[in-house]
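Trainee: Chain residues, written in single-letter form:
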Amino acid sequence: MIKGTIHQTWSRSLGVVSRRSYHVPSINKALKTEYDTINDYGSYKNNVFTHRLPESTAQQSPSLVALHSRLNLPSKYSLSTLSQALNLNINDGLVNNFGLNTLGKNLLSYYVSEHLLVKYPRLPMPIHNVAVDSLMGHETLHEIGKIWGIQVDSSTKLDKYLSQESEFIKYGKLRFLSEQQKGEVKESGVHELSSQESKTKIDSSFISDEAQAYASAVRSIIGGLYTHTGEEATKKFIQDHILSRKLPLEEMFQFNQPTRELVRLCDKLNFAEPLEIRLIAETGRLSAHAIYVAGAFCGTEKLGEGIGSSIAEAKTRSVVNALMSYYLYSPLDSEGNAAKVPSDKDYKFEGIVGLGDVSI
Amino acid sequence: MPVKAIAKTSIARNGIGAYIVPCHRISLQYCNWGGSSTGLRELLKTGRLDKLASEKKGIFFDINKKNGHPTASFHYNNDTIKTVEIANLKPSEILAKIDEHSQRSGNDLFKFNHKVLSINDSVRGIWSPLHTPKSHRHKI
Amino acid sequence: MIRGFMGLNAQRSFSSMSRLGNAAVRSAVPDLHTLKISTNGSNHLYAIFKLHNMPYMVTKGDRVYLPFKLKNVQVGDKLKLNDVTTLGSPEFTYNDNKGIPQDAYELTASVVEITREPYYEVYRKKQRCRRLKTFPVEPFQTVLMVDELKVN
Amino acid sequence: MTIIRIGSPQASRFLARSIYLHKGPRVTGLKKDPQEAFTTNTGYKYEKSENNLKYIKGFLQDKYAISDDLALQVLTHKSFNNGVMPYNEKLSAMGSKLANLFFAKYVTEGSTNNENNVNGKNLDVLGSPIAKELSGRMTMGLFARSNELNKVMFWNSYGHGLGFETSGEMKVSAQMMYALIGAVAFSHGKEVGEQFIREKLLGGRASVEDITVRLVSGETSSN
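Chains as they are written, first to last, in the UniProt record's numbering: chain A, 1 to 360; chain B, 1 to 140; chain C, 1 to 152; chain D, 1 to 223.
Hint data in this document are derived by calculation from the structure and do not stem from the laboratory.
It is possible that some hints are incorrect.
Said to hold, decoys possible - Quick look at which bits of chain D chain A covers, simulated, 3 or more residues with Cβ under 8 angstroms: (1) 52-65; (2) 132-144; (3) 183-192.
Cβ atoms here follow ideal geometry from the backbone N, Cα and C, with glycine treated the same way.
Pulled out of the complex, with its shape left as it was, chain A reads as follows (with noise of 0.2 angstroms):
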């Protein structure tokens, strides 16, 4: 039986220019995990003192009982796990979300990825990478745990004490901040970066710890789900609160050359005609607001259509059209329902897989 800490990064031995070698991650120290050995994956064990919070405890946080009952979690799903998701620190005694948090993640990518890439196959890759973070990006998951009533533990001991709150209320709010950070006295529009928010920010946006904190949250009782009902509640679940959510796609693309990118589509797609702009309509050149109306054609079908005030306008916004109407194909099954998703049950393979996105 060996025991001890992993911290080995891997890096490669080889004559040539190592530039990108591949870089192994390291175990976080923070944590003091041991394990019998490296693939006995049940024996691997945080040694900060730490434990569950008991379910007794926790069924005496009125906090947290109602929170457990506005996301109409499942009886099996424990009030103790609950608690859990909600607690970000690593040295307070208390078990912390970080497991569930990365479980939490799995799942959601995946649900939200296969999601897309069935409703949206030949969406372009950097639109696709948006669309999952407008999904379940820190913003979007930071804006559902405040639409859940998640609130933060944000007062200090003394401030518990002196306005006598049960200590219980706590394990159903988040808890991230430390209590020196509680204890800072706030000006009013004033904000102090964290080291972590100042690491990401860029211009005068960044990412608040708060809000990361709430994604956390989110994920984790996401994953908590899991651990408590299985996978395809959990999927249920994020259909339910994640998937349920507008996705604004149309208002994500930026387009820079939009007729080349036709063009070079047209190509890839083998069409065996070559792309033709025309004129579909005007109101008269000298009429006092002159409207066109442009069509993209490719021989006798018209891939798109769009109306300017001047022919640039009408032109570029018939290609753009053309370009959102592909991209934003979704496909349909033979019943003209929406295709299924490949975790359905009794999934057929209906759909397409995009091709690719098409370089200028």
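With chain A's structure known, arrange chains B, C and D on it following the hints.
Mentor: The following block gives chains B, C and D in isolation, referenced to the frame of chain A:
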């Protein structure tokens, strides 16, 4: 890069798939001495409030004792807190107030002069005069 | 008597309404295959349903603002709207003023908010009385969210 | 040097385009001769031939068979011929997510004596290097190589002669592996996809698990 992406967050549609009650917490404040709290005190004494709380499981009720007129504060998930005066109200009226406000979304009240509010594109699109044959077009 | 919907939630009884709601409609289910194919998997589909004989044109995800308090419902209830007169796609429309048979489509809405319109006052002037009578008005409002709309 | 006339005879009056197709080193603005562009540096011609597909077909066998079109797409990387042919980006997006999910479930499914388990699942393992690397790129790349799945791949590198990792072969092979998983999931559903990972990736001679253990404990080298 042929096409660039613009990041957007998806739009919440509470009620499709799952529905989450927007009111997540109700704080009731009463005075043990003042006459205006009689109604609320009676609710607490007879256990009718417990019954209400057990019906509305998703809402966290907390009760505070404080001098002054009784109030009910409703915490909504859009970060608003709406405080309602419940001084001198009968128990049944207080219950009605709680019931009413716990079914709201916390947004400002507004009068909508149409029947349906939609964020979807119109199914039929917009009528265009230019899409009829030239001989049939409207002439001024 | 409410014509137009029935509750789906098991703990609440709406049986009488459903009986009343659909007494007239018992004709054969029409073949809506052509319509269905043209709706792009029910993405481009609208329906006109009637509630208290008032038509509402909706697509999936729309919010319906009713200027009254819907009787016997609570927030979170799911309603099956069973008086649909029109289903339409970009190309086709199917219309039946007597009501399309329920098996042909699925249209449900959840009650998402029961609230009020903003407070205002109505003044009434009576003859031979110098005073204006003031009536405070804060009418109820029910908000429904169309959560499922598809052709079967 | 060849001059080809493209276009159907009926429409030739409008569509005739005379194009010079270039061979040899790349010149900006000139169209490459497909004969040359469609051949890999190892001499495999891009086509649905048995010779090209035999490795992955042999690996999948009948149980997890995928169509020839899909198989060719699995083998084609974005870098091949400017991404003109159908390539495997979308397939590998599906496959990598499925692999991540599967291995996260796999490492937590066994019995545990950790008292901090959640409903019998040990979640402490999830952050460990082995849990992360089971579905990692290096593991998948090495697995593809040891099973000879990356013998025929349609891709381009800035230096094919460089090592497994430096030339990008590891990344491309890994992406091909993900795409293979994705293609099985697309063709047969998620359940069969997971069964495929369990049977073929974990059950075989050189299993993904062995590779990862060696990788994480630093015993392996890519070349």
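Trainee: Mind taking a look at whether chain A covers the segment 52-65 of chain D? Criterion is 3 or more residues with CB to CB distance under 8 angstroms.
Mentor: Result for this restraint: violated, n = 0.
Trainee: Please verify the coverage claim for the segment 132-144 of chain D: does it have three or more residues whose C-beta sits within 8 angstroms of some C-beta in chain A?
Mentor: That given contact holds, which follows from 5 residues of the segment 132-144 of chain D lying within Cβ reach (below 8 angstroms) of chain A.
Trainee: Verify this for me: three or more residues of the segment 183-192 of chain D with a beta carbon less than 8 angstroms from a beta carbon of chain A.
Mentor: holds (count 8)
In this structure, the one hint that does not hold is number 1.
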